[in-house]
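**Student:** Here is how the chains run, residue by residue.
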Amino acid sequence: MSVIGTSVRRADGDDKVRGAAVYGMDYTEPGALTARVLRSPVPAARIRRLDVTAAAAMPGVRAVVTAADAPGRSGMFFALRDQTLFATDEIRYAGEPVAAVAADTAAQAEAAIAAIELDLETLDAVLDVETALDDGTRLIHPDWESYETLVPGPRRGNLAWEARTERGDVEQAFREAHLVVEDEYRSQRQHQNSIEPHAAVARYENGRYVVHTPTQFPFNVRGRVAQLLGVRPSDVRVVVPTIGGGFGGKLDAMLEPIACVLAQRAGRPVRLLNTRAEELRTCGPRENAVVRLRTAVAADGTILAQDGLIIADNGANSSGETVACANVAPLVLGGSYRIPNARYVSQVVYTNTPPTAAFRGVNAPYCVFAQEMHLDHIARELGVDRRELRMRNLLRAGEPMVNGQQLDDAYLVEAMQTVDRLRPWGELTAASRPLRGHAVVPLTWITNPGPGGAGVKLEEDGTVTVASAAAEIGSGAVATGIRQIVAEQLGVRFEDVNVSPTDTDAAAYDNGAQGSRTTFGMGNAALEAAGKVREQVLDVAAGLLEADPADLELVANAVRVAGVPDRQLDLATVAGTALMTRGPISATGAFVAPPIPFDAGCMTGALFTHFAAATYHAHLAEVEVDPDTGRVTVLRYAVAQDVGRAINPQMIEGQIHGGVVQGIGYALFEDLRLSDDGHVVDESLETYRLPTSLDVPPIDVAILENPCPYGPLGAKGAAEPSIIPVAAVIACAVADAIGTPIRQLPLTPFAVLRALREGRRSRDL
Amino acid sequence: MKPPPFHYHDPRTVEDTLHLLSELDDAKVIAGGQSLMPMLNMRLAQPGHLVDINRVDGLAGIGWYEPEQVVRIGAATRQRTIEKDPDLARRYPLLPEAISHIGHFQTRNRGTVGGSLAHLDASAELVAVASAAEATLYAASTRAVRAIPMADFPRGHLTTDLTSDELLVAIDVPLWPDGHGYAFEEFARRHGDFALVAAAVLLELDTTHRSIRRCRVSLVGLGPAPIRLTKAEELLNGGVADDDALRSAAALARNLSAVGDDAAPAEYRLALAETLVRRGLRRALRRATQPTTPEVN
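Residue numbers (the numbering used here), protein chains in the order written: chain A, 3 to 767; chain B, 30 to 326.
Pulled out of the complex, with its shape left as it was, chain A reads as follows (with noise of 0.2 Å):
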């Protein structure tokens, strides 16, 4: 019996449910000195002296490192290299590391932090991105034509990167247009809140940086650490323990090149964990942006042509991946509806903030949003329902996004028609009464396409290791899908494949936990692997059984003769053999998403040209509010998504889950705020509100198959892509029930109330 489509038990589970999986927080090394970081009081300075004589000479302290400890210059994904460890002459948001200290205890290092003397003359803080863009307004880099890029980039000042996509003719399409309709709307920022705070431990050892933390994506931990500490990659070996969550905040190097460079210096391991205050004040949150949508339509209700302007707030600096994934908002806003003529500029602009970073389902939620909101705005003016005005404009298989990219296995309308049977859209809105509401949100989406490695060996006892840089981020992809998928290719139980520990050292290169591509990108690669290793078993067994090795099968850990059950082979016995006649049986396998044709021309300042594996989703909300207080109360949920083929329903099903609650959590509570003078509000989970399971409505999950052809065994991403229609699909839901559209993320009581009573306001006029 196949094990693809079961939901086999996770192989960290029971570990992780009694509390005996060490996590990176957990981790430590003998002699393991305390680090702590001096960040910046204020949002923006300039540094006249920074003197940490006095520190250094502090009981107990055995480094201290600043700036002139870490010379280099880097960016998420070496994007855009603005970015140094350590704050140089210039503070650039308040919370930027400035100095660190490493010491025998966390009494003494805070000590050595508090006497740390830095002198600054505080400069006009840059807030907000319009500010930010405004001529005559501060630079934040003023080096900024300095910077090294990974590709060239349109940018200038304070605006960091830009990104555009045009094709057709737009403005021909508008005067052509039977309407044109305008919309502006914002977003918060939204922290990943991952249970474990960052954490990192770092040796030095025989010249070269070991550092363990819980990264989702450990070789791109190790080429930033080498980046700004301007050594090898290979200098450094990035060695993962159980991670307790990351969401997209644990992608990039963040406490691990303090804690290597401190360790270096101190000739001593060092530990530094962040507070979760430092979470909330310092990691990378989702940006906040203002996204401008101006859309002509004919009076059908058929798109003709989008103008769409997305500013997104980088922060300070490119630390996070807001730079990178520029581009992936013309994507997304193109990808779901034939729109014959575009024109999307994605602004990504400095401001003196903490930098953003980033978040499951990346620069999309926030689009979708827009777009959704927007699109209802063009139903209610044409009088088209809502749900026919999506219909009517769905990208079809066969047809092309705004890229260029002809989207052949799209599956949209079928995802749309799946949700439809789970909460039949005619009877929702035969039952409409005043506010409660319903909308429904289709969506395109990728599988990140990045490359990855493995090595898949058969052990002497019959049993088989892939070794594997794949970081478990807790989807369960390595603890269940890659075991799964090579459990399938040769035959053996479950149970009976194993995966080594993250390291970077051991395995090949792995492009991380990221874009729902584990096991998509592991698994194709870990299936090649097996396939070889499968090829090695037949070839021994072959001659064990004196018979062709196209007679052979493998099935319940043993090599057979087709038909004759009583010709086999134990697998130990083929590795046993092996072993004597040819060499250990083990074999490599390697993958990154083959070419897709796609209109290169239409797109400049773009690190993501295009959708990989792309994934086919519709979501379907409904709600009602209370007219009194403005709470929004989420009554039923369903998903279609698409997920090429299910390897662990379970597990996928566990995905869904989580993101739409994540979602909820994006679209009713969270709002990691600034003050007006540049500090994080939010710096605990009393006032950063996360949604609870009393805030979860029933969730209908339907699962669809709709193979990939270079998916491992047909497999899309899955874990990624519930989180983005969420916010769209309740804000919509929440304007049907109010009868007023929303313009604002979050949906708080105190915005609903007051859409609400203006909403009466203008309808009593």
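There could be a bad hint or two in this list.
Claimed, not checked - Cβ-to-Cβ under 7 Å is the rule here; a few derived chain B residues that face chain A:
id	residue
1	218
2	220
3	294
4	297
5	304
Stated by the list, open to error - Anything over 10 Å on all C-beta distances counts as not near chain A; from chain B, calculated:
id	residue
6	62
7	193
8	203
9	207
10	263
11	277
What the hints assert, rightly or not - Which chain A residues face chain B? A few, computed with CB under 10 Å, are given here:
id	residue
12	628
13	631
14	671
15	684
16	697
17	701
18	751
19	752
20	755
21	756
Simulated from the structure, these hints should not be mistaken for laboratory data.
Beta carbons: idealized from backbone N, C-alpha and C, even for Gly.
Since chain A is already given, all that's left is putting chain B on it; use the hints.
**Tutor:** Below, chain B alone, put in the same frame as chain A:
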């Protein structure tokens, strides 16, 4: 997130407790610890001494004083005990209803009645109830036992009339006639969050069941101390119990002033105040008109 160093005292009698409080400088009484422990851990409070009253005899319990028509609740009575008490459910259902909103059941298993009142959080449910109920608080010291009317108890943000050597030992809650109306209304962003605003309502109809003999309305969450909505009470007392009257009374909440903060803007708190008073009055009236068997949680 660990408390600063403190000396720990574990008295077994009220007498010993009062001696400790009179002798020690900078002492804090700890009972359920549901507010004090987080404040210690966040270093918002740094007392030199903690006097733990969890093992002190005679501070917990519910006593019915029929001639005086009061129910006396020991300060160290767990909130969960009040919430589950069948007699209170029947005779003073406002208390269990209000307590069901406090934190989570784990919080209520430890949290005490006296602890909540002595902490005097700006949006505490029991503070609203004590205010509406016109409870009397008993403060004991080596000097005397003093009765403090609830109206005189709050002295500012998280500050009460208790002196540093006094221990809150009990509260007396005057009983209302069987079948009286009551309601506790609260709005919090999430289950278990601090309330943004909460309203406690008590209401008694006259014998015709058409007019309100008397009612009490208290609000918390608008400022540091609970607010009795006396204007609304005056408007309703002796008047016809119809929805127009209730709405007009609730609308008077709009004339209050509220403090805005990171949790909610002032104008939103005032809008909530009106809404919660209106809902509370309606529910209390409904309950007074159609007395049903009280639900026991």
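**Student:** Find the hints from earlier in the document that the structure breaks and name them by number, from lowest to highest.
**Tutor:** Structure breaks hint 17 only.
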